[in-house]
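**Q** What follows is the residue order along each chain.
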Amino acid sequence: MIIRPHPKPWRLFFVLQGSIIGKIYLKIICFAAFAALIGAIDGAVIDIPHLSITAMGVFGVALSLFLGFRNNAAYERWWEARKLWGKILADVRALALELHAHLEGAEERRRILACALALIDEHRGHLRGAPGDVNIERWLNDQDERAIRTSGNPAAAALQLAAERLRQSYEKGAIDAYGRVAIANRLSCLAQSQAGNERIASTPLPFVYSLLVRRTTYLYCALLPFALADDAGWFAPLLEAVVAYVFFGLQAVTNELERPFADVENGLPLNAICRLAENSILEAANEPAKPPLTPSGFVLT
Amino acid sequence: MIIRPHPKPWRLFFVLQGSIIGKIYLKIICFAAFAALIGAIDGAVIDIPHLSITAMGVFGVALSLFLGFRNNAAYERWWEARKLWGKILADVRALALELHAHLEGAEERRRILACALALIDEHRGHLRGAPGDVNIERWLNDQDERAIRTSGNPAAAALQLAAERLRQSYEKGAIDAYGRVAIANRLSCLAQSQAGNERIASTPLPFVYSLLVRRTTYLYCALLPFALADDAGWFAPLLEAVVAYVFFGLQAVTNELERPFADVENGLPLNAICRLAENSILEAANEPAKPPLTPSGFVLT
Amino acid sequence: MIIRPHPKPWRLFFVLQGSIIGKIYLKIICFAAFAALIGAIDGAVIDIPHLSITAMGVFGVALSLFLGFRNNAAYERWWEARKLWGKILADVRALALELHAHLEGAEERRRILACALALIDEHRGHLRGAPGDVNIERWLNDQDERAIRTSGNPAAAALQLAAERLRQSYEKGAIDAYGRVAIANRLSCLAQSQAGNERIASTPLPFVYSLLVRRTTYLYCALLPFALADDAGWFAPLLEAVVAYVFFGLQAVTNELERPFADVENGLPLNAICRLAENSILEAANEPAKPPLTPSGFVLT
Amino acid sequence: MIIRPHPKPWRLFFVLQGSIIGKIYLKIICFAAFAALIGAIDGAVIDIPHLSITAMGVFGVALSLFLGFRNNAAYERWWEARKLWGKILADVRALALELHAHLEGAEERRRILACALALIDEHRGHLRGAPGDVNIERWLNDQDERAIRTSGNPAAAALQLAAERLRQSYEKGAIDAYGRVAIANRLSCLAQSQAGNERIASTPLPFVYSLLVRRTTYLYCALLPFALADDAGWFAPLLEAVVAYVFFGLQAVTNELERPFADVENGLPLNAICRLAENSILEAANEPAKPPLTPSGFVLT
Amino acid sequence: MIIRPHPKPWRLFFVLQGSIIGKIYLKIICFAAFAALIGAIDGAVIDIPHLSITAMGVFGVALSLFLGFRNNAAYERWWEARKLWGKILADVRALALELHAHLEGAEERRRILACALALIDEHRGHLRGAPGDVNIERWLNDQDERAIRTSGNPAAAALQLAAERLRQSYEKGAIDAYGRVAIANRLSCLAQSQAGNERIASTPLPFVYSLLVRRTTYLYCALLPFALADDAGWFAPLLEAVVAYVFFGLQAVTNELERPFADVENGLPLNAICRLAENSILEAANEPAKPPLTPSGFVLT
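Protein chains in written order, with numbering that gives the first Met the number 0: chain C, 0 to 300; chain Y, 0 to 300; chain F, 0 to 300; chain G, 0 to 300; chain P, 0 to 300.
Any copy, or any two copies together, can satisfy a pair, since identical chains are not distinguished.
With a Cα cut of at most 20 Å, we get these calculated SDA-like pairs of lysine to any residue:
no., residue 1, residue 2
1, Lys7, Ile20
2, Lys82, Pro203
3, Lys82, Val263
4, Lys7, Tyr24
Bear in mind the hints are in silico, worked out from the structure with no lab data behind them.
Isolated chain C, as found in the complex (with noise of 0.2 Å):
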């Protein structure tokens, strides 16, 4: 995620970092040459027939809308997906809390922090295809490792041994069975939030819509010169250029909202909320806590 302020005005047009300009210069490059090509061509050479740019703008209000139900869809599974992190995080200092009020002994409710530690670390780790650096070897004994990372689903694997040890502080006694329910309770809030995570990550936006998106948008370009001949003149490239840079530059802001969690400019900084989880984790642990993640050139990741 990038984190800077807005750039000055006069700044505004040389910022490259998290622009997708550099996603789509060619295009622009190219549609801007075919319309100049189209007008050199039109009265010099042949007469080229010439569009209405009055239909044309019906076609570009209909494109209008479908580019922006796409973003919208895009944006509202990037915000879903930031939604349920925030819920991780908050699951996590809940559990702590709860922890706090029901389990006693420090020990105790380590054993039971480590799960959540192992979930967190897990889960980013799936969803980034990378391993974190939480050093869980530290919390977990070489028995559990093994068990959650040769599961099918290392996350939900942690919450079943967390499930696991709540069982067995019970049978010893340090923790009553309200609190038993109360914690499990929580533990079932971390498998919502990390099943719903699953969702947006193995559900992409429908396919069909990115091809008719697509499709329409470079019908639209590859037109539009025809109805520019008339009226533009000379200005016909630039607008090519500018119309171009709209339309291909929203399609690129949704492709990259559309997976949150890729390890991209605009992904959701993942490493940060972990750290703040971890650190949520380590205070109720009574150990000292990490630095926050900072921007690292503007970048959170």
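Using the hints, position chains Y, F, G and P against chain C.
**A** Just chains Y, F, G and P now, kept in the frame of chain C:
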């Protein structure tokens, strides 16, 4: 559900899978031919009266808004259905977790997990209209299986059986009163998601919308050539084809997303989700998990 | 609710059922005739001043947005009502399930299920203004039935009776304190959904919107012929008819969806949903289920 | 709230009640006169420069979108407020139901129901700025009444009193620990809805929107005549009046819905909802219900 | 937050407070001057090529949709933040109420209420970056205060302290197991809202949107004069100014609402909300309430 990377620009127009071209190409051709016919007759045979392209513009914006509304509603149904299945998966995991925490004896737990498995299998079967691949016979005795299968609503009957068994476990002393409340509550959560899916499956978008929007789309495409005849020249058939592609295409997408449980290319991957839930149950019952389903030819069923 | 497959293109314009043509054809004819009249007078009798079609375009976009807003709000009411009824169905099933888990004795359970049945029957009756087909007398004694029927809010009275009976079961020792809390909580859920439906039924969309939108639609259709006279020639009456069809049509759809409980073609199938809930109760009480309702002439009531 | 059937077409333009014409007719007349003036001066006196109607079209679409956004936000506030009041009604009924299930002794129950009645009465009074018609003195002793009335937030104080009394009932042994948790939880639900209503009442839509949208509307209506002068001829004043009606009308509607608790024609019927809640409490306390409020002159207050 | 009545029409254009004119007047003047320059050069010096106003229209509609989307997202953030603070207020009241019902001894209750007060004060301080006016020292001993202040997340530490004290109360026998679960649950609710606010504060709208929308706005305003030169004559600078006002104005509003916790004119009144929460705690602790905050110069902070 189609899982594939976005095609490169030069392949974009040759991807057929997941495209709705196959369903609407006849309409596109017919309307393009109609536009060509009008263009040919006009002037050559008789002077066909012309429609103002601006008037068609207003009409087009209105149509875009209505198509957009219907598409939005369909996408929300699709996404709500996906959320409900995600909730079922999470609740199955939470059930396993809470059984672990509250219920003593692997056999007792297995007896209730078996009902959850039956629920998922029957629910998928009901929505898809086709039996699944879970060997539910292995988990239930004949009598219980028959009771579930002959019920008016097998999925709900599986949950009733779970409640019955929960009660037996309580009477045996394998679970205490607190745990019983927690497990019964989790079963109710599953009933909520199940009823939600049945609601979506049994309540299509109001028929009256489909009529209104479809009729309007036909009227629009039928009138457009009279507006294009003037300005667009021999571009008219091309523009008509593009407009038909956009409007009928969006309509066809909507028709697919409207029924999210159907076994079509853009439907939800119920089999894959059920496999995940099945594996969660298998792991909780200490049985080896099955391999997760993977897309075959980019399609996950 | 109309349950029928999408009609084929060549039948599309001949489907009357579920269409709102029947309600607005008079308006369409009148406005088309008016447009024809203006076209005939113009030039032949006197020169009628012309309106810019572009100005009407802006007006048309604004009107589309307002109609779209009102339609959206109506559809959301309709869908929320459907969700609430789905919730009632799910809560009835959850009640049966929890009674199974917590309450001993089939007779005790039946006593509370009877109240749920009365709730559903009275609630549907209240919303539809017509009695249902549940023989509630078979389930309740005369005194209780009279108490419910003479209450100011019979559905709420049925829930009160359930609470009363729950308390008696507790005093008899058929349910423990935990179960009592769970069942009472489920009854409260039913009260929430019931109140939600009453809210929708008693609160129409703000009257002021209807006035504003309807007046604007009439003004638009009355002014349009003056804008069409110039460009559209003898297309004007046709275009006017199409515009009137789209705008009045959407308005008529909105009027239907605004009252989702009415016994109209596009209303919710309350009878069918209640039958499902009734069957869930019958199965839980070990009685044979009734056949589910099926559409008659494509209409499910 | 206005409860009346949709007026017939021929009466549509003569319905004043519930219309916002009364609030904006002066603006409409002024702008129409201004348009007539511009039309009269143009050509006859001096040549007034003309604005492109297309440019005004873009402006008009932008304005429609902003007005639509603000209207949407206001409607959502209005509907959320209605939902919260529906929730209060449902929670009052659930409270009665749970008191019935958990608390022994009609007198004990009455003591807590009295607090719920005070909550509703004080909350309505706070939102409307006017006292209600509940004889709350009949239900509370002088000391308690004074404590509530002199509190900084009387409605919250009524809930605190209920909690106090619940505690006393527990100490007397009239309710067990489970029931106490359930009732306290229900009182918390009421506190949530109350706080939600106070949030809506104390937080108007951001002032900056109103300024931006209102200024833009005035600018639009002031510039429009210069664009109409060319095309619309003596239609200009009429069209200007219609545009002013649509834009100022929507703005006036928004202003009304923005404050849903005000005692205006389009406000929420707080008195009627409170009467329903009061009746639920009266029935639960075995007292005769009052007649429900009915619209007087189509208006329900 | 600005609390003032809607200004009368004749004062509308002179209200500066709450207006965003102060932030964008330079841009408006620059673009108006640019339009005047283009108009002056055109024809007099050289023939400047003209852009079709219709083409700019399509561009304008697209820009309106994107600005509208971003504005919508910002408003939803603002409103969600307001809801979360309303939830905190409601949960504090519910906490007081439940402490009243479950916990014996005013001193015990005060010990937990003190933590809630610290939570609110620290949370506001964290979001605003400035200390509040609650004398938290009066409520906590030095050691606890230091523990909270030196924590990485003081607000979360205050909740942890509350859980710690709750546990001590339980060990002293001042609260039973049921009550402990209820209070711990309420503390978790507070943790959820706190995490929600931190999510909003730490996650701005994706930077890439701001870049795209801002660049597009500048491009639009820079190209518009070439389209206006033809039609608008010396209206061009005025129209350019109005367009710049509308588009840059909406953008400036969005920038303000995007950060709802900032201490700016259109930010949320955190101080006033915290004072309400503080008073609820004071009343629950039998201390005199402070006067509620009132707007000073129409601004509530």
